[in-house]
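Visitor: Line by line, the protein sequences give chains G and S.
Going by numbering that gives the first Met the number 0, the first sequence runs without a break in its numbering and finishes at 189.
Going by numbering that gives the first Met the number 0, the second sequence runs without a break in its numbering and finishes at 274.
Please keep in mind that the hints were generated in silico from the structure rather than gathered at the bench.
Warning: the hint list may mix true and false statements.
[Claimed, not checked] In silico SDA-like cross-links for lysine to any residue, where the CA-CA straight-line distance does not exceed 20 Å:
(1) G:Lys41 <-> G:Asp51
(2) G:Lys41 <-> S:Lys164
(3) G:Lys14 <-> S:Leu38
(4) G:Lys41 <-> S:Gln65
(5) G:Lys48 <-> S:Ala57
(6) G:Lys48 <-> S:Leu79
(7) G:Lys48 <-> S:Lys64
(8) S:Lys64 <-> S:Val54
(9) S:Lys76 <-> S:Asn86
(10) G:Lys108 <-> G:Lys91
(11) S:Lys164 <-> S:Val180
(12) G:Lys66 <-> G:Thr54
(13) G:Lys48 <-> S:Asn86
(14) G:Lys14 <-> S:Gln65
(15) G:Lys66 <-> G:Gln82
(16) S:Lys90 <-> S:Leu79
(17) G:Lys48 <-> S:Val212
(18) S:Lys157 <-> S:Arg104
(19) S:Lys90 <-> G:Leu50
[To be verified] Just so you have them, the derived chain G footprint on chain S, three or more residues with Cβ under 8 Å:
(20) 42-48
(21) 100-107
(22) 135-149
(23) 191-205
Just so we're clear, the structure is a prediction, and the values are computed from it rather than from any experiment.
Beta carbons are placed, not taken as given, at the ideal position from N, Cα and C, and that holds for glycine.
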Amino acid sequence: MISRILANAAETEAKNPLLPESYDLLWSSVVFAILLAFFWFKVLPNFKKTLDARTEAIEGRLEAAEKAQAEAAAKTANIEAEQAEARAEASKIREEARAEGAVILAELKEQASSEAARLTATAKAQIEAERQAALISLRAEVGSLAIDLASSVVGASLKNDKIATSVVDQFLADLESGDTGATTKAGKKK
Amino acid sequence: MNLLNIAASTDESGGGFHAPSIMEFYPEIVAFEGTPFALNRIMLIRLLVLTLLVVVFALWTAKFKQANKTNNFVPGKFQLMGEISLNFVRKSIAHDQLGEKDGDRFLPLLTTIFFVTLGMNITGIIPGLNIAGTSVIGLPIVMALAAYVTFIYAGVKKHGVHFFKNSLFPAGVPKAFYALVTPIEFLSTFILRPVTLALRLTMNMIAGHLLLVLCFSATQFFLFNAEGAFKFFGAGTFVFGFAFTLFELLVAFLQAYVFTLLTTVYIQLALADEH
């Protein structure tokens with residue numbers, strides 16, 4: 000095969016593929032020069048402009064987005080701060096209310112206890128007074144009773160034991176029929 | 000001379016196997032024969048690719064302009080295709096190697112090299128064209144020269160005469176070794192770089208074209224000229240031809256990428272502070 004190719008090459012005038020023909024160089028230069036100029040002055044500047052404009056646009060939009068995000072973040076921070084403030088205020092109010100409540104409660108308690116103390120004191124005083132009154136009346140009654148008894152005993156004289164006994168019995172019966180419980184009791188005690 | 004060639008080729012295609020030869024790359028001159036403006040099939044293909052590139056990129060540029068004018072920042076599908084294409088060179092090659100500032104400075108050259116190479120390479124597998132515009136060495140030489148001039152310009156602009164000193168007398172090498180190192184550096188930097196750029200591209204395209212011609216002319220031969228069971232070889236060679244067509248698509252892209260990337264790397268090395 001190779002010998003065939005070589006023979007073929009030898010048959011015709013030996014062409015060296017490494018040496019360019021003049022027309023080859025000329026047309027190559029023309030083609031290359033035209034395309035170089037075309038790319039250099041026409042295609043690439045427009046291409047670059049498009050890319051730059053796009054980059055700018057994208058950067059601009061990114062910036063706007065960033066700004067919007069920052070604004071939103073600031074708003075959120077504001078709202079959160081407001082919320083925190085409101086919460087703090089609410090808790091303060093609650094705290095105050097609780098303190099106030101405690102004060103009122105303490106006051107009420109004090110009032111109640113003082114009232115109770117007062118009532119107790121009054122009751123005690125009344126009881127004491129009543130006791131005094133009872134004592135006094137009792138003393139008076141017991142005195143008169145004792146006098147009655149004594150006079151009865153003395154009045155019936157000492158005729159006999161029979162009479163004395165009947166007098167005492169009579170007295171006791173009188174006591175039972177005509178007197179109040181309290182005096183009876185007091186009399187009995189005596 | 001040309002008549003002889005044509006006669007020879009018609010003779011061959013008339014019967015039997017048409018073996019690919021180097022003459023594939025020197026087709027019949029169709030106009031301006033004998034002048035530097037001579038046009039053959041390959042030159043016409045180049046002009047066609049030139050036209051197509053201009054049309055496609057002019058449409059994209061019109062889209063860019065329209066977008067700029069209307070402040071429309073959301074590209075449509077068609078505009079996006081253009082942006083992806085241009086951004087491939089801009090971002091993946093220029094900015095990655097040179098950084099944004101220098102990348103944009105040298106972007107016109109890099110973009111042109113990439114799309115010219117890609118466009119011209121791809122014609123090698125387009126039915127009806129079937130040969131790469133870069134398969135004759137003129138265009139690779141022109142582009143390699145452009146790359147060469149550009150990286151030397153970049154170096155001289157940045158470092159002045161020190162650029163040559165830096166490249167030829169690398170720092171950190173003992174003085175005595177310069178006798179050895181300097182010729183090697185000179186050869187590799189100022190001679191081999193452009194030569195390898197041009198040759199790599201041309202030879203890839205030539206080899207690709209010869210492979211495809213070989214596969215498909217063998218298919219033709221086995222199917223129509225071979226006897227009996229040999230006809231089945233035709234299917235095999237056709238499959239090979241199909242596979243190599245796909246491979247050539249890859250090569251077309253890869254060579255465009257490699258050429259552009261190497262140009263960028265050379266510029267980057269020239270701009271670097273230390274060598």
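Visitor: Now tell me, hint by hint, if it's right for this structure.
Guide: Hint by hint, here is what the structure shows:
Between Lys41 of chain G and Asp51 of chain G the CA atoms are separated by roughly 16 Å; this keeps the pair inside 20 Å, and the hint holds. Pair hint Lys41 of chain G plus Lys164 of chain S does not hold up; C-alpha atoms about 37 Å apart against a cutoff of 20 Å. For the hint pairing Lys14 of chain G with Leu38 of chain S, the CA-to-CA distance comes to about 18 Å; that is within 20 Å, so the pair holds. Between Lys41 of chain G and Gln65 of chain S the alpha-carbon distance is near 14 Å, which keeps this suggested pair within the 20 Å criterion.
Between Lys48 of chain G and Ala57 of chain S, the direct Cα distance comes to roughly 15 Å. Compliance with the 20 Å bound is thereby established for this hinted pair. The straight-line distance between the Cα atoms of Lys48 of chain G and Leu79 of chain S is roughly 15 Å, inside the 20 Å bound, and the hint therefore holds. Of the pairs offered as hints, the one joining Lys48 of chain G and Lys64 of chain S holds, with about 9 Å between alpha carbons and a cut-off of 20 Å not exceeded. As the CA atoms of Lys64 of chain S and Val54 of chain S are separated by approximately 15 Å, the hinted pair is consistent with the 20 Å bound.
With a CA separation close to 15 Å, the supplied pair Lys76 of chain S and Asn86 of chain S stays within the 20 Å bound. At roughly 25 Å between alpha-carbon atoms, Lys108 of chain G and Lys91 of chain G are farther apart than 20 Å, so this suggested pair is violated. Under the criterion of a C-alpha separation no larger than 20 Å, the hint pairing Lys164 of chain S with Val180 of chain S is consistent with the structure, at around 12 Å. With a CA separation close to 18 Å, the supplied pair Lys66 of chain G and Thr54 of chain G stays within the 20 Å bound.
Under the criterion of a C-alpha separation no larger than 20 Å, the hint pairing Lys48 of chain G with Asn86 of chain S is consistent with the structure, at around 13 Å. Distance check on the hinted pair: Lys14 of chain G and Gln65 of chain S sit about 50 Å apart at the alpha-carbon level, beyond 20 Å; violated. Between Lys66 of chain G and Gln82 of chain G, the direct Cα distance comes to roughly 24 Å. Violation of the 20 Å bound is thereby established for this hinted pair. Simply put, Lys90 of chain S and Leu79 of chain S have alpha-carbon atoms about 15 Å apart, close enough for the 20 Å limit, and the pair holds.
Restraint check: the Cα-Cα separation between Lys48 of chain G and Val212 of chain S comes to about 45 Å, which exceeds 20 Å; the hinted pair is violated. Annotation: proposed proximity of Lys157 of chain S to Arg104 of chain S holds, straight-line Cα distance about 13 Å (limit 20 Å). As the CA atoms of Lys90 of chain S and Leu50 of chain G are separated by approximately 12 Å, the hinted pair is consistent with the 20 Å bound. Counting residues of the region 42-48 of chain S whose beta-carbon sits less than 8 Å from any beta-carbon of chain G gives 4, enough to reach three: the coverage restraint holds.
Check result for the region 100-107 of chain S against chain G: holds, 3 residues qualifying (beta carbon to beta carbon below 8 Å, three or more required). Residues of the region 135-149 of chain S with a Cβ under 8 Å from some Cβ of chain G number 8, which satisfies the need for three, so the listed coverage holds. With a cut-off of 8 Å between beta carbons, the region 191-205 of chain S has 3 residues touching chain G; three or more are needed, and the interface restraint holds.
In this structure, the earlier hints numbered 2, 10, 14, 15 and 17 are contradicted, and the remaining ones agree with it.
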